[in-house]
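Protein sequences appear in the order of chains A, B and C.
So this note's numbering is basically just the index in the first sequence, starting at one, shifted up by 145.
So this note's numbering is basically just the index in the second sequence, starting at one, shifted up by 49.
So this note's numbering is basically just the index in the third sequence, starting at one, shifted up by 111.
Don't read these hints as lab results, they were simulated from the structure.
Hints are not guaranteed to be accurate.
[Said to hold, decoys possible] Estimated spans, in silico, between C-beta atoms of each pair:
1) C/A517 - B/H345: 51 to 59 Å
2) A/P191 - C/E282: 41 to 49 Å
3) B/E499 - A/S159: 20 to 28 Å
4) C/A419 - B/E187: 24 to 32 Å
5) A/S159 - B/E483: 26 to 34 Å
6) A/P264 - C/A134: 53 to 61 Å
7) B/E171 - C/D142: 55 to 63 Å
8) A/S159 - C/D321: 33 to 41 Å
[Claimed, not checked] Looking from chain B toward chain A, a few residues come up when the C-beta cut is under 10 Å (computed):
9) A503
10) K520
11) Q574
12) A575
13) T576
14) A577
15) A578
16) R579
For clarity, every value in this text was computed on a predicted model and none was experimentally measured.
Ideal placement from N, C-alpha and C gives every residue a C-beta, glycine not left out.
Read off the chains here:
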Amino acid sequence: MSFDVPDDLRYLESHEWVRVAGDTAEIGITAFAQDELGDVVFVELPEEGAELTAGEDFGVVESIKAVSDVYAPVSGTVTAVNDRLRDEPELLNEDPFGDGWMLEVEVADESETADLLSPDAYRDQIE
Amino acid sequence: MPQTSSSRRSGRWRNDTRRTAFGETPWDKPRPTSFTLDSGVSLRLVLLGETPWDKPRPTSFTLDTGVSRVKYDQARWTDDSDDLYEPLLSEKASKTVDIEDSPLPDDLTRDSLSLPDPAEPELARHYTRLSQMNYGVESGPFPLGSCTMKYNPSFTEDVAARADAAIHPDRPDSTVQGTLALCHRLQDYLGRIGGMDAVTLQPPAGAAGEFTGIQIAKAYHDHNDDERSEVVIPDSAHGTNFATAAMAGYEVVELPSGDDGRVDIEALEAAVGDDTAALMLTNPNTLGLFERDIEHIADIVHDAGGLLYYDGANLNALLGRARPGDMGFDVMHYNVHKTFATPHGGGGPGAGPVGVREELAQFLPNPHVRERGGNYEHYEPDHSIGKIHGFYGNWPVLLKTFAYIARLGDEGLRDASAKAVLNANYLAEQIEYEVPFGPFHHEFVASAGEQDAADAAKRMLDYGVHPPTTKWPEIVDEALMTEPTEGETKRSLDQLAAAFNAVAGDSDAELADAPSRPAAKRIDQATAARNPRLSWQALDDT
Amino acid sequence: MSDSDSHATGSPYAPQTAAETAAMLDAVGADDLESLFDVPESVAFDGEFGIDTRSERATRREVARLLGRNADLSEFLGRGHYDHYVPSVVDDLASRSEFLTSYTQYQPEVAQGFLQALFEFQSMLVELTGLDVANCSMYDDATALGEAATLSQRVRSVSGDRILVPEHLREGKRAVLSNYTEGPDLTVEPYPMTDGVVDVPALSDQIGDDTAMVYAESPTVRGVIEERLDAIGDLAHEHEALFCIGSDPIALCLLERPADVGADVVVGDAASLGTGTAYGFGLGMFVTREEYLRQVPGRLVGASEDAADRRAYTLTLQTREQHIRKERATSNICTNQAWVALRTAMHAAWLGPDGLVELAEDCVTRARDLAGRLDDIVGVKAPVHGRHHFREFLARTDQPASAIVADLAAEGFAVHAVDDHLVQVCVTETTADATDEFVAAFREVAK
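So here's chain A without its partners, still in its complex pose:
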């Protein structure tokens, strides 16, 4: 089974994706990750204004039988949280790269993105 790995994103080995546009980054988990978890039933995210540190966990995703921490691909300040996930955690399953986004972050240090996996590198990892 092959999973969608959009070419315009960067990735973490722990299956988070980040979409960087200028000094703003959108963060979520990959199609592979949601498939591994199964039906997502609960998402715990930080509030707006929270500070993220690259590589550290910022939230939790729960399915029926698994709990997974979610790690920050970049450091920065949370500028928006996808509140729909509170009532519709299934968006993570249905549209992980779109409606299932988690956070929008004001990136503190753009150089950090250089450490992230390219789509090809991530594709290699999950195959």
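Following the hints, position chains B and C against chain A.
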């Protein structure tokens, strides 16, 4: 719940057996031949020595020899509607009582109380029907790995129900000599069985036993002014081990398993040190494998100043063959609802007595029972950790434990383990799924391979048996952790194997649609968790 | 029947005949049973336990002989463990093997019956407390209180480590709480009581912003009905502390709903319905607000639908529990007291709301009447506290309490000694018939 003074659903007659745990009526729809594991048929096969695995396996596995059988199903009363299986008590009969003219001032009382109000005949029917939608050890094979679902002898229920056992815990010792004598003897029996010097009966469950044991380890280190902050636990251990260590305030150090499924000695040496309070281990481990290096493991832990804790979940494998105390364990708990056949009661009550070596006896929970000149008394051990249960633990369960051990004695206990191990080995031999690790004892972990283990389990329900524990331990892909216990006959193991093998031959689609025969079809877990409705009051909200 | 067909092996519950055993050994390629054990010689056990095998009848006789040493006493005892009449239908229905011998409901499709019964149990506790979420059992009231304390630490928005408990608290409960609070570094502090109830001004002085939880009981361990629960709740909430109330299901049928006095958590022992005295065997209630749902310890049963679109029940939110979240679980509890909860729900349903309220009212009037009769005895004052009581009360005796207890035991009655000259007496419908003799005996021993 409706706040009306009374509500009752209307009933109607119907020939209906969907409501039993496994009761699709054969005339509701064609019964697939592969479902026909009826006892008469397979019995015939066994008597002829014609087990299906002696012959080339047909692509679609079936035990149906074309013998036509007359099915009999009872007429059943049902008053449900199409959207539920059995109305809630509150939907059958409910009543609101206003609290008026009570002997208390109004400001100390509630205004009203709304609860079910069934007459006794309705109550009896309600719970009888609920019981018919439930599978127990007496319903059929229950090979749930790590749970030891063995037959619970009926007579132990009569023992626990004795009027002279129904006593209050705060009576003076002199008036409860019988109870104390029995507790003392059970402490002694369990000590002998585990190779331990002293045993407390207070912990009300296995996890409470773990908590007791880890608190004892902590008290021991504190007593020696030895500050230690970590508990080491193999990655394949029961979840309770990790949670217990955390609850007691310890950091958890997870130990990766070796390639052979056992403790990786090098990893252990690296993990254990001055901070190690204890290593928690079960033996045989969750794969059913005996930790052959147990003495070396004990030395490593003891040399570092730590204690070795035995999780007694798998003791049914070893009765009379090996004792934790002889292997070097310092503290252990017994799961009496596993090893000593007290019923699981739909999740509890159990009991988790804890055994310790002599030097740790001073830390046992308060109170402990001892004998003095033919009389028995409670006393507080010198450096007791205090209490783990508000009183003395789950006394009725301990009574059943005593009765079971006394009934079996040395010979019976040894035989129970021998037959438990034999049954696991025999069953593993009969099933198609691969069993990657061995030699195992009372349980084995098969792999469902390309199938989803959880789906395979649901499909087993269609074949009339309870499935194994699934997807754990994670060291085996799509794990089917299987523990048949000593309670199954060769014939029932053959039937159980047939169910395994039928599932192994089924398609992913058949698995995904399963189960179709139990009272309820596949239950939507995601909706239950996304929109929690945990009471009948919450049902009205939606 | 030849030997090889006999089931008479060592364990009467291992049914393999000798012939079957031989065939099975042959199938697995083993010479004998011993060769199936992969146990190194150095740790193999070749001794005997020294436990004789008995017949079923002999085992029962032996237990009868042992328990025959228990004195036959009329127990006027309570303090957290109570005897109420349990109807036969509860024993009968709960003993059905489909309930009794089943496992935790991890395969809900074949466990609908038990799940529904537990769902009904949870719902009854929701009605009794007015709070939203009841789990389907803890071990007993003491462990439920311990869990409440650790919950308070997890859910409180500001840090705090003090758990305030009433001065009058059963020692067993205090000791269990002490073990539960040791790991998370919480401290347990008693606050004063005056004439049997909480000294609210003193509590007000003692509480602070570092208080994580305030615990109060009604009825208290001395049987007193607490009169100022709402004021205690207000105090707790002013300091962002959780307010935890300890009670029991029968009392809750009559007393103020905990939700109406600000309770965040309700704990207690529910075995008083459904089980009767069993040497302290309990059933921990744990009920809380919906906002703390994800921090609740233990198992929860929820409603869902199955593939046939019918209402069905399942264990839910299991990611809170140890088998999934391991060291980050809300508790280490696995095995609980499900079957005891089943009995409690059955008993509550058998009584119905009329029966429950009547039973609760009897608990008030019986205690009141008996206290009045003891108070008439020279050398006895009862109740000690001029309050409303539930089931039990303190009596002050001129004679030492230890002498009263010993002398009453000689007459066939049991009461608690609480302090040098304080005894505690509990009465329910199961001892009501013996009350006249009890009062007469008390009159003799109080002289």
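Quick rundown of the hints versus the structure:
{"no.": "1", "hint": "C/A517 - B/H345: 51 to 59 Å", "result": "holds, 56 Å"}
{"no.": "2", "hint": "A/P191 - C/E282: 41 to 49 Å", "result": "holds, 44 Å"}
{"no.": "3", "hint": "B/E499 - A/S159: 20 to 28 Å", "result": "holds, 27 Å"}
{"no.": "4", "hint": "C/A419 - B/E187: 24 to 32 Å", "result": "holds, 27 Å"}
{"no.": "5", "hint": "A/S159 - B/E483: 26 to 34 Å", "result": "holds, 31 Å"}
{"no.": "6", "hint": "A/P264 - C/A134: 53 to 61 Å", "result": "holds, 59 Å"}
{"no.": "7", "hint": "B/E171 - C/D142: 55 to 63 Å", "result": "holds, 59 Å"}
{"no.": "8", "hint": "A/S159 - C/D321: 33 to 41 Å", "result": "holds, 37 Å"}
{"no.": "9", "hint": "A503", "result": "holds, 8 Å"}
{"no.": "10", "hint": "K520", "result": "holds, 7 Å"}
{"no.": "11", "hint": "Q574", "result": "holds, 4 Å"}
{"no.": "12", "hint": "A575", "result": "holds, 4 Å"}
{"no.": "13", "hint": "T576", "result": "holds, 9 Å"}
{"no.": "14", "hint": "A577", "result": "holds, 8 Å"}
{"no.": "15", "hint": "A578", "result": "holds, 4 Å"}
{"no.": "16", "hint": "R579", "result": "holds, 5 Å"}
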